[in-house]
Amino acid sequence: MAKTEDYYFILQVSSDASIQDIKASFRRLARQYHPDLNPNDLVAAEKFKLISQAYNVLSDTTKRRRYDRERAFTNQTSRIKNSASTSQDYYFKGVQKSQQREYQRAIDYYTKAIELDTNFVEAYLKRCEMRYKLGDNQGVLEDCSRVLEIDMTVGKAHYYQGRARYRLGYTQSAIASYTQAIYHEKSYAQAYYYRGIAYRDLKDSIPAVEDLHTAAELFRLQGNHSAYRLTKKNIQALNPKNWQINDLFGWSGNLLSNVLTSLVIYLFNPGGGLLPAFARLEKQQAMEVGIIYAALTNLFFLNGIYMIWAETNFPWLELLLLGSIPFFSLIIIANLMRNFCRGSGGIEGDIFIVGAALIPLGLMTLILGFIVPLSLNLLIIILLIYGFCYSILTFYAGCTQIWNISEAKAALIVPSMLIISGSLVYFAFTTLVRAT
776 MAKTEDYYFI LQVSSDASIQ DIKASFRRLA RQYHPDLNPN DLVAAEKFKL
826 ISQAYNVLSD TTKRRRYDRE RAFTNQTSRI KNSASTSQDY YFKGVQKSQQ
876 REYQRAIDYY TKAIELDTNF VEAYLKRCEM RYKLGDNQGV LEDCSRVLEI
926 DMTVGKAHYY QGRARYRLGY TQSAIASYTQ AIYHEKSYAQ AYYYRGIAYR
976 DLKDSIPAVE DLHTAAELFR LQGNHSAYRL TKKNIQALNP KNWQINDLFG
1026 WSGNLLSNVL TSLVIYLFNP GGGLLPAFAR LEKQQAMEVG IIYAALTNLF
1076 FLNGIYMIWA ETNFPWLELL LLGSIPFFSL IIIANLMRNF CRGSGGIEGD
1126 IFIVGAALIP LGLMTLILGF IVPLSLNLLI IILLIYGFCY SILTFYAGCT
1176 QIWNISEAKA ALIVPSMLII SGSLVYFAFT TLVRAT
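Take any residue in the sequence shown, note its place counting from 1, add 775, and you have its number in the working numbering.
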């Protein structure tokens, strides 16, 4: 067989997994390693390619059957050829056990790999990582020392040496190790972060803030949004007064930047851009952006209605309230639907999804204000199709990616939400027309 990858292992499913299990695992891994969520991360990009390749084969019944036959033949041949395990075999068994969180078993396999190859740097590093997880700090230091004897330029060995020293209370020595890790790997975000934490513990605020700012920027560039937010909180805790001043003067600029950046990311590609747009925001920022989108939609709606029915004197306050109905009704419905389906996230996700999905409809109404008076019927139909399709796609992407519910449930939820909210708007609008 030309390809030697174990597609079942790559997708983290058993060889007798159902199509539904394969799809669910693919969606979970794709969200974890998607290039849009891991910019400039070549490892994640390669992992995403392998995941996609595995899914392409295992999701197709014919391809999967052929792959299973070839895989069985290859495994049988390998067992005949390789009666004795190599250091690489033990290493990969260790990786498998570490992924299953069987850390002591993983250590045993890494140890066997090292016994067969005493210069196996990756095995030392993996064993070091497992020992760190189990709290064996002395074992971590021993593995790091051995790696550094083999190659002094391995940044990860310096990093774990620093982590173990910090745990043992040797903060200054930990800083020296982190500094060596950064010297050998300039973009080592974790090393900057923990060196900043160590400086903080020594009450040395200036280098602590500098390191944490560097770590935050590196986390942001790597698409590690949770680490970015955690680092920002640590910076805030170090200097709360200055943070409040920066918030006071920088809030409006940051909000505008978040609104525009998110719009550029998702508007013309809701399926692939909505999750990255949401993931880069903190909870408060996501709510702010969603509310701004709703306000812009209402403004577009108000102007569009006045332009379409210029001869009708609709009260602007009533129109403003009418334009608010979709946002508030959809927020309530979205919250109920998400909880009913046991979806992920909270109210910040609901607000962001609804606000983002309403923007295409608001833009559509505004543009219709210019087109309707010209009686360009074909263009009106095209615009209506685009507006509603983009809105539906955005809702669907939000349900499957941000709420993390199944595609089947999302296919029912999205039209249900729009029908309920649309009915409320229609009832309110017809009432307003009659009153006018």
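You may find that some hints are simply not true.
[What the hints assert, rightly or not] In silico PhoX-like links for lysine-lysine, alpha-carbon gap of 25 Å or less:
1. K1007 / K978
2. K838 / K798
3. K798 / K824
4. K868 / K824
5. K887 / K908
6. K824 / K838
7. K978 / K1008
8. K824 / K887
9. K868 / K887
10. K872 / K798
11. K872 / K838
12. K822 / K798
13. K1058 / K798
14. K908 / K822
15. K822 / K1007
16. K887 / K872
17. K887 / K961
18. K1008 / K1058
19. K1058 / K1007
20. K872 / K822
21. K908 / K868
22. K1008 / K961
23. K822 / K838
24. K838 / K908
No lab work stands behind these hints, which were simulated from the structure alone.
Here the structure is a predicted model, which is why all the values come from computation and not from measurement.
Proposed proximity, K887 with K824 (alpha carbon, max 25 Å): violated (31 Å)
K872 and K798 were given as a pair; does the straight-line alpha-carbon distance stay at or below 25 Å? holds (24 Å)
Are the Cα positions of K838 and K908 separated by 25 Å at most? violated (40 Å)
So if I understand the rule, the pair passes when the alpha-carbon distance is 25 Å or less; does K838 with K798 pass? holds (15 Å)
Quickly compare the C-alpha distance for K822 and K1007 to 25 Å and report which way the hint goes. With Cα atoms ~28 Å apart, K822 and K1007 exceed 25 Å; violated.
Below or equal to 25 Å on CA atoms is what counts here, so check K1008 against K1058. Satisfied, since the Cα-Cα distance of roughly 13 Å is no more than 25 Å.
Are the Cα positions of K1058 and K798 separated by 25 Å at most? Outside the cut-off at roughly 29 Å; violated.
Check the hint pairing K868 with K824 against an upper bound of 25 Å on the C-alpha distance. holds (23 Å)
Between K978 and K1008, does the CA-CA distance stay at or below 25 Å? holds (17 Å)
Take a quick look at whether K1058 and K1007 sit within 25 Å of each other, Cα to Cα. holds (13 Å)
Is the Cα-Cα distance between K868 and K887 25 Å or less? Roughly 10 Å between the alpha carbons, so the hint for K868 and K887 holds.
Satisfaction of hint between K908 and K887, Cα-Cα up to 25 Å: Holds - the C-alpha atoms of K908 and K887 are around 19 Å apart, at most 25 Å.
Hints 8, 11, 13, 15, 17, 24 from the list above are not met by this structure, while the remaining hints are.
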